[in-house]
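Enquirer: Spelled out from the first residue to the last, the chains are:
Number of protein chains: 4
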Amino acid sequence: MLSVMKYLKKMYPTVQLLYEPESSLYDDHHPSTSARTELGPNAIDPWSPDSNSAPVDLVITLGGDGTILRASSLFKTGPVPPVLSFSMGTLGFLLPFDIHDFQSIIRDTFEQRVTVLKRMRLACTIHDADGKEIGGSTSAGLQVMNEVVLHRGRSPHLSIVDVLVDGVHLTEAFADGLIVSTPTGSTAYSLSAGGPIVHPLAKALLLSPISPRSLSFRPVVLPETSKVTLMVNSKSRTPAEISMDGHEPSTGFRVLSPGQSVKVQESPYPIPCVRRTSIAGSEMNSERNGDCDIPDGDGRSDDWVRDINTLLQFNATFRNKGILKQIQSSGN
Amino acid sequence: MLSVMKYLKKMYPTVQLLYEPESSLYDDHHPSTSARTELGPNAIDPWSPDSNSAPVDLVITLGGDGTILRASSLFKTGPVPPVLSFSMGTLGFLLPFDIHDFQSIIRDTFEQRVTVLKRMRLACTIHDADGKEIGGSTSAGLQVMNEVVLHRGRSPHLSIVDVLVDGVHLTEAFADGLIVSTPTGSTAYSLSAGGPIVHPLAKALLLSPISPRSLSFRPVVLPETSKVTLMVNSKSRTPAEISMDGHEPSTGFRVLSPGQSVKVQESPYPIPCVRRTSIAGSEMNSERNGDCDIPDGDGRSDDWVRDINTLLQFNATFRNKGILKQIQSSGN
Amino acid sequence: MLSVMKYLKKMYPTVQLLYEPESSLYDDHHPSTSARTELGPNAIDPWSPDSNSAPVDLVITLGGDGTILRASSLFKTGPVPPVLSFSMGTLGFLLPFDIHDFQSIIRDTFEQRVTVLKRMRLACTIHDADGKEIGGSTSAGLQVMNEVVLHRGRSPHLSIVDVLVDGVHLTEAFADGLIVSTPTGSTAYSLSAGGPIVHPLAKALLLSPISPRSLSFRPVVLPETSKVTLMVNSKSRTPAEISMDGHEPSTGFRVLSPGQSVKVQESPYPIPCVRRTSIAGSEMNSERNGDCDIPDGDGRSDDWVRDINTLLQFNATFRNKGILKQIQSSGN
Amino acid sequence: MLSVMKYLKKMYPTVQLLYEPESSLYDDHHPSTSARTELGPNAIDPWSPDSNSAPVDLVITLGGDGTILRASSLFKTGPVPPVLSFSMGTLGFLLPFDIHDFQSIIRDTFEQRVTVLKRMRLACTIHDADGKEIGGSTSAGLQVMNEVVLHRGRSPHLSIVDVLVDGVHLTEAFADGLIVSTPTGSTAYSLSAGGPIVHPLAKALLLSPISPRSLSFRPVVLPETSKVTLMVNSKSRTPAEISMDGHEPSTGFRVLSPGQSVKVQESPYPIPCVRRTSIAGSEMNSERNGDCDIPDGDGRSDDWVRDINTLLQFNATFRNKGILKQIQSSGN
Ligand SMILES: NC(=O)C1=CN([C@@H]2O[C@H](COP(=O)(O)OP(=O)(O)OC[C@H]3O[C@@H](n4cnc5c(N)ncnc54)[C@H](O)[C@@H]3O)[C@@H](O)[C@H]2O)C=CC1
Ligand SMILES: NC(=O)C1=CN([C@@H]2O[C@H](COP(=O)(O)OP(=O)(O)OC[C@H]3O[C@@H](n4cnc5c(N)ncnc54)[C@H](O)[C@@H]3O)[C@@H](O)[C@H]2O)C=CC1
Ligand SMILES: NC(=O)C1=CN([C@@H]2O[C@H](COP(=O)(O)OP(=O)(O)OC[C@H]3O[C@@H](n4cnc5c(N)ncnc54)[C@H](O)[C@@H]3O)[C@@H](O)[C@H]2O)C=CC1
Ligand SMILES: NC(=O)C1=CN([C@@H]2O[C@H](COP(=O)(O)OP(=O)(O)OC[C@H]3O[C@@H](n4cnc5c(N)ncnc54)[C@H](O)[C@@H]3O)[C@@H](O)[C@H]2O)C=CC1
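Protein chains in written order, with the working numbering: chain A, 40 to 371; chain B, 40 to 371; chain C, 40 to 371; chain D, 40 to 371.
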């Protein structure tokens with residue numbers, strides 16, 4: 040992280056560097072006193088979501104898929120600046136770039152030779168049995184990038200949850216839990232629960248059950264304009280735990296009692312993620328992203344195809360001798 | 040059918056009635072000589088897709104889901120008039136109305152108290168190994184409402200098919216077959232093959248494998264702008280049979296040899312289907328459908344929710360005692 | 040429950056009635072003071088698993104599927120007497136008889152006009168990283184009738200669990216959890232997790248993953264002689280919670296840390312369950328069950344077929360108009 | 040193949056070599072005139088299933104999984120000699136040995152340092168609507184090693200098939216087809232259709248649907264003593280094609296009309312397959328296999344575990360960086 044900062048400082052001296060003080064919760068790469076010394080005392084400032092400081096133009100994350108989920112959770116109330124994500128080792132679905140290439144990629148980014156993929160987010164609000172909003176969510180709603188989950192958690196008993204779509208009762212679910220996912224989240228928990236793979240540019244919400252007591256609860260793909268409500272059924276013997284992108288809601292409200300509900304819909308604030316293929320420079324277009332000058336990609340699916348094939352081992356056919364031979368030769 | 044025609048003739052004497060001569064292939068309700076006698080000699084004329092006669096303003100189908108698929112196949116080259124579909128007994132996904140209610144529904148339709156659901160169709164073209172279009176498809180491409188399927192058919196051997204999305208190679212499938220489906224088709228063959236349920240208003244294409252020799256070929260949801268190519272792999276020991284909405288392509292071209300391919304993308308000509316809930320009259324909007332004056336519905340999901348629950352028995356929870364008791368009491 | 044007891048006392052005065060004092064935890068039908076008054080002061084005695092009182096000849100359960108799981112958990116160390124289970128309303132997989140018919144069924148049972156289905160149980164022991172048994176399990180091992188589950192519980196992170204079969208490493212599972220199930224348990228949690236339906240007479244163990252982070256973790260059917268070990272991987276960021284038949288182990292040991300494991304194998308003590316079809320009296324055979332004189336059934340599948348069709352709504356075909364009509368007519 | 044024969048002739052001169060004349064249908068390795076010249080005129084004789092020549096003591100197959108299925112189909116009426124199977128390149132589920140190691144493996148086999156895995160087969164008979172056997176099947180029934188399939192074949196319409204287990208009606212299937220599989224066959228077609236992986240030593244039959252028009256047709260595991268009947272329903276608009284181990288029945292009877300049925304049960308004649316792990320010599324036991332002196336293995340699961348992991352890529356976790364790195368580095 041330090042070397043990334045030093046590089047930025049050297050190449051783009053007028054850039055104001057900020058860091059997220061909590062990030063040390065997630066990795067060990069957070070700027071130590073020595074870092075500050077090396078960069079100079081005012082080279083880098085802490086940043087907080089509520090700060091009144093100048094708006095952020097670019098977010099850089101370093102670490103696992105969790106770091107970008109964390110970054111997403113910090114931008115709750117308005118447009119999100121483009122996010123440039125580096126993996127520290129393993130590639131990930133949300134991590135197009137390897138840290139070793141950081142110099143050339145940062146250069147491409149600053150020189151606007153990249154495009155972004157706008158990843159849809161969901162805006163969620165939590166409600167009491169009488170419909171009143173609770174849980175202290177912000178005006179724009181809690182923002183999630185992967186999914187909202189209701190789960191029985193430690194309770195030995197199934198939770199019973201009613202699902203409403205645009206106010207119409209769709210079904211009553213007896214299950215370990217339910218997932219409302221973005222296309223981005225379709226390769227996260229929903230995939231484990233048996234859901235389909237949804238291309239990040241498809242305009243859709245995904246409803247997937249977790250271990251439902253039913254032979255016939257198939258995952259459901261809804262229009263992105265749908266408003267989905269998950270309400271703990273009054274018959275449910277147990278409350279249900281909410282989790283958002285794998286964490287409890289940032290407001291700390293964690294458990295829904297019977298009658299309480301969470302409402303989910305598309306957020307007006309997607310996350311513009313700097314894309315791998317875009318580097319080629321050949322596929323710019325002219326739509327602009329807020330204050331930031333990185334154009335949208337045109338939806339070419341190279342990154343995504345590569346990811347589902349190498350990271351998920353999608354359709355690893357038994358006959359795929361290429362893979363097979365490697366496995367054998369590696370004595371695996 | 041006769042009574043429907045008589046009713047139309049009586050209520051709307053200036054309406055020109057047409058019938059599809061081939062429809063007798065599909066059911067027994069085709070107008071006999073006696074019908075013509077009863078209605079008067081010029082009351083009803085045969086119609087063919089290529090006819091130069093005046094454009095059709097409304098299509099009425101009577102029969103199973105197959106009748107509307109058939110109607111769809113007749114409109115190949117331009118906008119499709121609204122389709123009003125009656126079931127002759129069983130309700131179906133594509134059959135919102137029961138024939139017993141035909142009078143009131145026809146009245147509502149003529150008086151524009153209904154809305155339509157525009158169901159996406161796919162436009163397909165068939166190509167030789169060198170990319171040249173074959174199979175005599177029309178300019179707009181072959182139109183399908185449910186899905187295109189490539190299947191090994193009677194061959195004992197798996198077919199090997201390459202899937203390309205927007206020109207990028209997604210995967211090589213060893214399988215009984217592959218399905219590219221519309222949201223409408225998601226509750227047809229794709230569902231049997233393990234695919235998710237896609238709401239008809241979701242903008243998406245669905246790629247589902249049929250019995251793939253892989254543990255990891257999950258169904259894939261693509262943006263509706265995707266161009267999908269299915270190409271029989273040159274290693275494939277068998278050709279693959281094409282079927283469109285359950286029939287061989289109307290051009291009669293039925294078998295793809297290794298190297299040949301079918302290309303699929305969203306058609307510019309959806310089918311405007313008269314909707315059940317729209318009858319309520321409360322949810323009109325003002326977008327007009329071509330020459331026809333029936334407005335689009337606003338996407339409320341009542342019909343669809345009812346259909347997946349009653350027709351598919353979606354998420355029939357084991358505890359669903361309502362259903363259970365009925366089954367028991369009926370001695371089933 | 041009182042009326043069952045009174046009936047037993049009247050018809051079979053020499054029978055010694057016992058009751059399980061904890062059963063009030065599970066339902067409200069537990070003998071009150073008034074019951075004791077009515078039956079006479081010594082008519083009924085409390086019973087506990089450790090009691091030195093005379094062995095039990097027949098267990099009668101009243102309530103949901105949970106009551107028989109509870110009864111199973113009380114017989115830990117030797118052969119189990121036949122179990123006669125009545126539902127108090129809903130039929131269940133483990134509840135062949137309706138309480139309304141109790142008189143005739145008790146008569147059939149006492150007069151040996153019934154047969155039993157021996158339901159396999161699993162014997163489990165819990166081990167430390169060095170292999171030493173912990174958790175205070177009894178000599179015969181903890182007995183489960185449905186399944187043993189390791190689950191991440193409330194932890195937001197996936198658990199990592201190694202699976203060994205007969206000492207050979209089968210796989211490393213990143214998942215919400217893992218299930219080792221009996222054929223009986225195949226219609227319980229395992230079914231929700233995507234497992235196959237296993238006939239109770241099939242000799243097999245079933246390993247099913249719960250929401251695995253893998254596209255290719257298919258459920259596995261093992262010979263009933265297999266010894267399966269689930270060990271929390273040392274890399275696992277979270278411990279895993281054990282649950283047995285939906286409860287924490289009766290020894291109170293609930294959480295496995297990395298390195299700890301649970302070993303599972305077929306128990307020598309199945310549960311002989313009095314069967315519904317056997318009542319017909321036509322399918323006796325001569326194998327005897329311990330001290331009890333109820334013969335084994337011959338494995339005819341009538342009960343099971345009825346159960347999977349009516350309780351699970353197995354293969355409820357969309358065309359199943361019988362069911363459909365009932366649903367519609369009931370205005371559902 | 041020639042070199043295998045020469046080796047056998049040299050090492051074990053008293054062994055009588057036979058070959059299956061039809062095998063040239065399956066590969067190119069069939070003994071040519073030159074082979075006969077080299078080996079000597081009487082060194083090798085053709086063999087046919089009906090021949091009255093001396094019984095076979097050992098079968099050697101060379102080729103893909105199909106060659107052992109073919110060998111199985113030749114032994115229809117009695118005990119099968121042990122089968123030693125070599126792959127000519129790709130390993131397969133039924134192909135434990137690589138042809139490169141043939142010398143040491145043949146030596147181990149002749150010196151009885153190997154064990155066998157008895158793979159269950161199914162015995163099938165085909166019946167008319169009135170129950171009379173048709174299709175000219177032999178007395179012991181048609182023998183299959185993987186599975187029997189009923190499939191709609193080229194018909195565009197779903198077939199409707201009734202499933203009976205031990206004479207009790209289990210379900211009416213609207214589907215592309217149905218599979219009754221052995222444990223061995225569980226990794227073949229049934230796996231593609233969504234079935235579980237069944238260990239070859241589990242005593243069970245597996246019923247798996249192919250693309251059923253139902254959300255709730257889960258695969259079913261039955262006791263190996265079950266008698267399963269698949270009968271084409273009289274309502275079925277199409278006949279159903281039978282295939283056995285991927286081929287039409289050897290009697291040439293290929294299509295079942297409505298009312299006709301196929302009955303399936305465990306065959307008394309399993310296939311003793313020489314096993315890989317057994318070579319270690321450490322796990323012999325004393326049960327003898329007919330005239331052949333190779334003992335049964337003790338069911339250790341090493342081979343199987345290796346196969347499902349390397350051949351099927353069972354539970355290839357996304358985090359499996361070992362595999363991942365190889366894929367990346369190979370530029371795949
Ligand atoms: N059974 C399961 O599969 C569970 C999955 N999760 C997922 O974990 C996510 C939180 O991730 P972390 O904070 O990293 O927790 P974590 O460290 O527990 O990792 C979960 C895994 O999911 C991967 N992941 C995250 N987002 C992804 C995406 N959009 N596509 C593909 N893979 C993705 C991560 O790389 C990591 O391998 C949640 O949003 C949820 O989707 C959470 C609980 C259970
Ligand atoms: N294994 C399977 O499930 C197979 C399904 N099909 C489907 O059959 C369709 C052709 O239908 P028909 O000419 O009526 O043939 P058909 O008479 O063979 O009926 C197929 C069944 O699918 C139903 N169906 C058709 N479209 C549907 C939709 N969009 N949503 C829900 N259900 C639907 C029909 O009502 C009928 O029950 C094809 O487009 C294909 O989707 C075709 C072959 C195999
Ligand atoms: N997501 C899920 O499906 C979950 C299922 N369970 C199951 O609950 C069982 C405990 O049952 P209860 O104490 O009654 O808890 P419970 O009151 O939470 O009920 C669980 C449901 O499973 C049913 N059930 C239990 N055993 C069954 C069997 N062998 N076949 C078919 N259905 C069965 C019960 O009738 C009840 O509907 C556990 O052994 C586990 O199998 C537990 C947690 C989650
Ligand atoms: N969609 C599918 O998966 C289909 C599968 N098959 C299977 O093909 C078998 C016939 O095999 P071939 O004559 O070689 O035809 P084939 O050359 O078409 O090969 C089928 C594939 O199945 C593999 N296979 C065969 N038996 C296996 C087993 N027990 N476990 C794991 N893999 C196995 C073969 O190695 C080959 O890769 C049939 O018994 C049937 O199981 C047949 C048709 C469709």
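In case anyone wonders, no lab produced these hints; they're calculated from the structure. Check before you lean on any hint, since a few could be wrong.
Given that identical chains are not distinguished, each listed pair holds provided it fits within a single copy or across any two copies.
Calculated lysine-lysine pairs in the BS3-like style (CA-CA distance at most 30 Å, straight line) [claimed, not checked]:
| # | residue 1 | residue 2 |
| --- | --- | --- |
| 1 | Lys45 | Lys115 |
| 2 | Lys266 | Lys115 |
| 3 | Lys48 | Lys274 |
| 4 | Lys274 | Lys157 |
| 5 | Lys171 | Lys48 |
| 6 | Lys115 | Lys171 |
| 7 | Lys49 | Lys274 |
Enquirer: Can you list which hints this structure breaks, lowest number first?
Expert: 3, 4, 5 and 7
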